[in-house]
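Work out the full structure: start from the sequences and follow the hints.
Here's the letter readout for the chains.
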Amino acid sequence: MKLKFTLNGEATSVEADGEMPILWLLRDVLALQGTKFGCGMGQCGACTVHLEGQAMRSCVVPCQVLEGRSLTTIEGLGSGRLHPLQEAWIAEEVPQCGYCQPGQIMAAAALLAREPNPTDAMISEQMTNLCRCGTYPRIRRGIHRAAKALRDEKP
Amino acid sequence: MNHFSRRHFLKLTASFGAGLVVAAAGGCSSHVVFIARSRTPEPSPRDEDPMLGWVLITPEGDVRVAVASSEMGQGVYSNLAMLVAEELDVDFARVRPVPAPVAKQFSNPKMFGGQITGGSTSTAGYWQPMREAGATARALLLKAAAARWNVSVDQLKTDQGQVLHPNGKRLSYGELAQEASQLDPPWSVKLKSPKSFRLIGQPVPRSDTPPKTRGEPIFGVDVRRPNMVHAAIRHAPAFQGQVKKVVNQKAIEKRPEVLAVIVAERWVAVVATHWWQAQRALDALELVFTTEGRPAPSTSDQRLILLKALDDHGKRDLKGEKRALDLEYEVPFLDHATMSPMNCTAHVTDTSCDVWVPTQAQTASRAAAAEAAGLDSDQVQIHTTYLGGGFGRRSETDFVTQAVTIAKKVKRPVKLIWTRSETTQHGAYRPAVISRFQVALDEENRPHRWYNQMAMPNIFAFKQPKIPDFVWGMTGDFIGLDGAKNPPYATGSKDVDSLGVDLHTPLGYWRAVGHSHNGFFVECVVDELAHLAGEDPVAFRRRFYDDHPRHRAVLDALDNLAKWSQPRPKGHHLGVAVHESFGSVVGQVVELSVSAQKVVTLHRIWCVIDCGFVVNPDTVKSQMEGGIVYGLSAATRGEITLKDGAVEQSSFHDYPIMSMHEIPPIDIKILTSGDSPTGVGETSLPPIAPAVANALFHATQQRIRRLPFSRAGFSQWRAGPDFS
Ligand code: FES
Ligand code: FES
Numbered sequence: 001m002k003l004k005f006t007l008n009g010e011a012t013s014v015e016a017d018g019e020m021p022i023l024w025l026l027r028d029v030l031a032l033q034g035t036k037f038g039c040g041m042g043q044c045g046a047c048t049v050h051l052e053g054q055a056m057r058s059c060v061v062p063c064q065v066l067e068g069r070s071l072t073t074i075e076g077l078g079s080g081r082l083h084p085l086q087e088a089w090i091a092e093e094v095p096q097c098g099y100c101q102p103g104q105i106m107a108a109a110a111l112l113a114r115e116p117n118p119t120d121a122m123i124s125e126q127m128t129n130l131c132r133c134g135t136y137p138r139i140r141r142g143i144h145r146a147a148k149a150l151r152d153e154k155p
Numbered sequence: 001m002n003h004f005s006r007r008h009f010l011k012l013t014a015s016f017g018a019g020l021v022v023a024a025a026g027g028c029s030s031h032v033v034f035i036a037r038s039r040t041p042e043p044s045p046r047d048e049d050p051m052l053g054w055v056l057i058t059p060e061g062d063v064r065v066a067v068a069s070s071e072m073g074q075g076v077y078s079n080l081a082m083l084v085a086e087e088l089d090v091d092f093a094r095v096r097p098v099p100a101p102v103a104k105q106f107s108n109p110k111m112f113g114g115q116i117t118g119g120s121t122s123t124a125g126y127w128q129p130m131r132e133a134g135a136t137a138r139a140l141l142l143k144a145a146a147a148r149w150n151v152s153v154d155q156l157k158t159d160q161g162q163v164l165h166p167n168g169k170r171l172s173y174g175e176l177a178q179e180a181s182q183l184d185p186p187w188s189v190k191l192k193s194p195k196s197f198r199l200i201g202q203p204v205p206r207s208d209t210p211p212k213t214r215g216e217p218i219f220g221v222d223v224r225r226p227n228m229v230h231a232a233i234r235h236a237p238a239f240q241g242q243v244k245k246v247v248n249q250k251a252i253e254k255r256p257e258v259l260a261v262i263v264a265e266r267w268v269a270v271v272a273t274h275w276w277q278a279q280r281a282l283d284a285l286e287l288v289f290t291t292e293g294r295p296a297p298s299t300s301d302q303r304l305i306l307l308k309a310l311d312d313h314g315k316r317d318l319k320g321e322k323r324a325l326d327l328e329y330e331v332p333f334l335d336h337a338t339m340s341p342m343n344c345t346a347h348v349t350d351t352s353c354d355v356w357v358p359t360q361a362q363t364a365s366r367a368a369a370a371e372a373a374g375l376d377s378d379q380v381q382i383h384t385t386y387l388g389g390g391f392g393r394r395s396e397t398d399f400v401t402q403a404v405t406i407a408k409k410v411k412r413p414v415k416l417i418w419t420r421s422e423t424t425q426h427g428a429y430r431p432a433v434i435s436r437f438q439v440a441l442d443e444e445n446r447p448h449r450w451y452n453q454m455a456m457p458n459i460f461a462f463k464q465p466k467i468p469d470f471v472w473g474m475t476g477d478f479i480g481l482d483g484a485k486n487p488p489y490a491t492g493s494k495d496v497d498s499l500g501v502d503l504h505t506p507l508g509y510w511r512a513v514g515h516s517h518n519g520f521f522v523e524c525v526v527d528e529l530a531h532l533a534g535e536d537p538v539a540f541r542r543r544f545y546d547d548h549p550r551h552r553a554v555l556d557a558l559d560n561l562a563k564w565s566q567p568r569p570k571g572h573h574l575g576v577a578v579h580e581s582f583g584s585v586v587g588q589v590v591e592l593s594v595s596a597q598k599v600v601t602l603h604r605i606w607c608v609i610d611c612g613f614v615v616n617p618d619t620v621k622s623q624m625e626g627g628i629v630y631g632l633s634a635a636t637r638g639e640i641t642l643k644d645g646a647v648e649q650s651s652f653h654d655y656p657i658m659s660m661h662e663i664p665p666i667d668i669k670i671l672t673s674g675d676s677p678t679g680v681g682e683t684s685l686p687p688i689a690p691a692v693a694n695a696l697f698h699a700t701q702q703r704i705r706r707l708p709f710s711r712a713g714f715s716q717w718r719a720g721p722d723f724s
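Quick note, the sequences are listed as chains A and B, same order. Each residue of the first sequence is one higher than the last, beginning at 1 in our numbering. Each residue of the second sequence is one higher than the last, beginning at 1 in our numbering.
Treat the hints loosely; a few may be bogus.
List of simulated lysine to aspartate or glutamate pairs, DMTMM-like, C-alpha gap at most 25 angstroms [stated by the list, open to error]:
#1 B:Lys-254 / A:Glu-15
#2 B:Lys-669 / A:Asp-120
#3 B:Lys-250 / A:Glu-19
#4 B:Lys-598 / A:Glu-125
#5 A:Lys-2 / B:Glu-257
#6 B:Lys-598 / A:Asp-120
#7 B:Lys-409 / B:Asp-398
#8 A:Lys-148 / B:Asp-722
#9 B:Lys-254 / A:Asp-17
#10 B:Lys-250 / A:Asp-17
#11 A:Lys-154 / A:Glu-52
#12 B:Lys-244 / B:Glu-292
#13 A:Lys-148 / B:Asp-618
#14 B:Lys-190 / B:Asp-62
#15 A:Lys-4 / B:Glu-257
#16 A:Lys-148 / B:Asp-667
#17 B:Lys-570 / A:Asp-120
#18 B:Lys-254 / A:Glu-19
#19 B:Lys-192 / B:Asp-91
Covered stretches of chain A (chain B as the covering partner; in silico rule of three or more C-beta atoms under 8 angstroms from a C-beta of chain B) [to be verified]:
#20 22–30
#21 34–41
#22 74–82
#23 87–93
#24 97–104
#25 126–132
These are computed hints drawn from the structure, not numbers from a lab. Please read these numbers as outputs of a predicted model, since none were measured by experiment. Beta carbons are placed, not taken as given, at the ideal position from N, Cα and C, and that holds for glycine.
Right, dumping it as structure tokens:
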């Protein structure tokens, strides 16, 4: 099928099998490979992207749902400059292997969009992406740092 | 052979027309001078050219450093580049680490002469050669400047990428690189004294961090080659199983997107235009696998086999001992569960084989690729990508053999990616172990008899089936015994040994390897002894550290950091463990509480490491955190079980790992005790399981001697509430 949707702010049209998960459309057809394959079963979050601003695990969602919608991937986060989360991730030296991190950042960005001042309990509850390298303490610090930067930015 | 010393450095100009390349001569055990040979005739270094020297300085003054270890999260690209930059005296921002190709001169001096990232040896192994490479390059640049200015080298200094003349004139390294490359390198170089280090010892930001926050680094799964196709794979589920029949092969091959169905002895692969199509076609294949052969025993049978081996071996007589322990500790098989599933990309022609692979074992990968391609080793080029986790799993080469086999058949570049379930079910597992302890205290509460008999499959024997059994009779399973052999507490009669028991299950090196279980066993047993002696667990351990100053220093620092003796909130309990591995000593204290429903709350973890000498304190801290979390996953819930000769688990729902809400704050302190670094990456894992087990005992009076804790009903974990 022919799919028309907005990808990282740009109108996109692509020919694809509508059942192909968004993850594989991104990686193999559109060559956007920042979104990772961890489990393909919606369990790890390595494939997290934003569909209409909501965090979504792209490995279990067929790409036909994209029709007419807006999708943001790690490549499109931050529009032109680094997102405060990416800056915070750098300041806290969060990544180890880095494989889960695009998904972590996308999940955190969705959290901050909902909740500009998340408590530790909220982070515990809502950051469900897995990290095998164990970067959780730094992810937590990174989210707090980015939240503060975002608050300070606003007049 | 020739008489150059192994530390002799040789300049290489043949492959890169302009610029200075410094290579180490010879491998770690060989004394042969290496001569550079470029596969491509172009004179200038391009990104895809293999970098055959340690250091390359371009005429623009950019520095590339070949890094022979694989970047799997430990920060080694940055840390090894720092060693060169320190001695070269150059702005670290100008330094770019480049993965080294497979070549003798890049062998890890601490890993039997191969290019292997393992054993927590990267920084320790390359500590000397990489600083020497930097110092050699600097010496050549100084010599070139001295010649240009017609002064003696002694009058010159360097400063961050420039050579300084006494009268204030300056020449940049880039301007001198060409001339320096024509000079003979010095026979030996003097290295900086640690006191004058500018970079080493600082929390230098990792160069791979910013790209990793943008999703840019190329992991194995991200490799793209012109004309590339994709492969999905399914193995026979049982380890001994084989493919008997592919019922509907023709029909699947007719699908327009399918290029090939490849049937090997133990696996079937489908090649298609996209990976998802390949996987879908694979799912539609009707496969019949053989059930003949000897299946791996089920998990419950494996336990009985291990116990029987111990019983057949017999027990020590502890008669007459008033206070003694006579008990077994036990751990299950474990999978690495790297976040990125297994994968490899290959392109094979009649005369060449290129492999892009997230590997911890370049030398072995090259051999595996050569064999599968039917080519010579020197016709194979290994391109190391970023690793989406390694932990030992990526020191195997099964995925390399498969990708090359498939690529040879389809005559195009092929990217092979396993599913998560294939990754979980066809791993290289940490062995299950049962370890019997018979330990007795004397009048002074010293363990004067320490008998520790283990039964477990022998990893090295599994990897090297050609080694005859009698050799193991002489050497023992030295890997399985790592961390059990010489506990500081065994002050009298001691006998520690392992019985090799084949459980017909594939084995591998899992983070911390033998230490992963022996740390748990020994540090729990010591806690049991302290309890038996009626002594405080920290004070009890300290009594045995007189001859172990590093243990002593770590324990004292930990005591302070965790404020061990200070009262805790009601219901909070502490557990401690100290373990030496890979040349370093790590101690941890865990504070936790347990609800009536057996929900465990981790409040805080304190960790002290003595890693000899610190190259980058921030990456050491990262590795401490990572090893603790990895070890917690195993201790709390990790278990691979077998049924009908196959693994029962398939993904994170049945082989779960820790998540955000379960990880408390981790306070870390780093100690030093010398002038060269010791291991880091695996060293924080061994103490965490016993520290938690010991705290659980203090909280519940229940001794958990079998991992994971979930087996004893502790299946809910959380952290907090204070995360500051
Ligand atoms: S890859 Fe999508 S959740 Fe794991
Ligand atoms: S950084 Fe490696 S899995 Fe998260």
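Please verify whether Lys-598 of chain B and Glu-125 of chain A have alpha carbons no more than 25 angstroms apart. Since the Cα atoms of Lys-598 of chain B and Glu-125 of chain A sit roughly 20 angstroms apart, the hinted pair holds (cutoff 25 angstroms).
Lys-669 of chain B paired with Asp-120 of chain A [C-alpha distance capped at 25 angstroms]: It holds: about 24 angstroms lies between the C-alpha atoms, which stays within 25 angstroms.
For the pair supplied as a hint, Lys-2 of chain A and Glu-257 of chain B, confirm whether the alpha-carbon distance does not exceed 25 angstroms. Given pair Lys-2 of chain A, Glu-257 of chain B holds - Cα atoms ~18 angstroms apart, limit 25 angstroms.
Between the alpha carbons of Lys-148 of chain A and Asp-618 of chain B, is the straight-line distance 25 angstroms or under? 23 angstroms, holds
Check whether three or more residues of the segment 87–93 of chain A sit with their beta carbon closer than 8 angstroms to a beta carbon of chain B. Check passed, 3 qualifying residues.
Given the proposed pairing of Lys-154 of chain A with Glu-52 of chain A, does the C-alpha separation stay at or below 25 angstroms? 23 angstroms, holds
If you look at each residue in the segment 126–132 of chain A, do at least three have a Cβ nearer than 8 angstroms to any Cβ of chain B? holds (count 6)
25 angstroms limit on alpha-carbon distance, applied to hinted pair Lys-148 of chain A and Asp-667 of chain B: Status holds; Cα separation ~23 angstroms.
Pairwise hint evaluation, Asp-120 of chain A against Lys-570 of chain B, where the allowed Cα distance is 25 angstroms at most: Cα-Cα ~23 angstroms, so holds.
Starting from Lys-254 of chain B, check that the Cα of Glu-15 of chain A is at most 25 angstroms away, please. At roughly 21 angstroms apart (the allowed maximum being 25 angstroms), Glu-15 of chain A and Lys-254 of chain B satisfy the hint.
Holds or violated: Lys-148 of chain A to Asp-722 of chain B, with C-alpha atoms at most 25 angstroms apart: 19 angstroms, holds
Take the C-alpha atoms of Lys-190 of chain B and Asp-62 of chain B, compute the straight-line distance between them, and say whether it is at most 25 angstroms. Roughly 24 angstroms separates the two Cα atoms, so the pair holds.
In terms of the numbered hints stated before, the structure departs from none.
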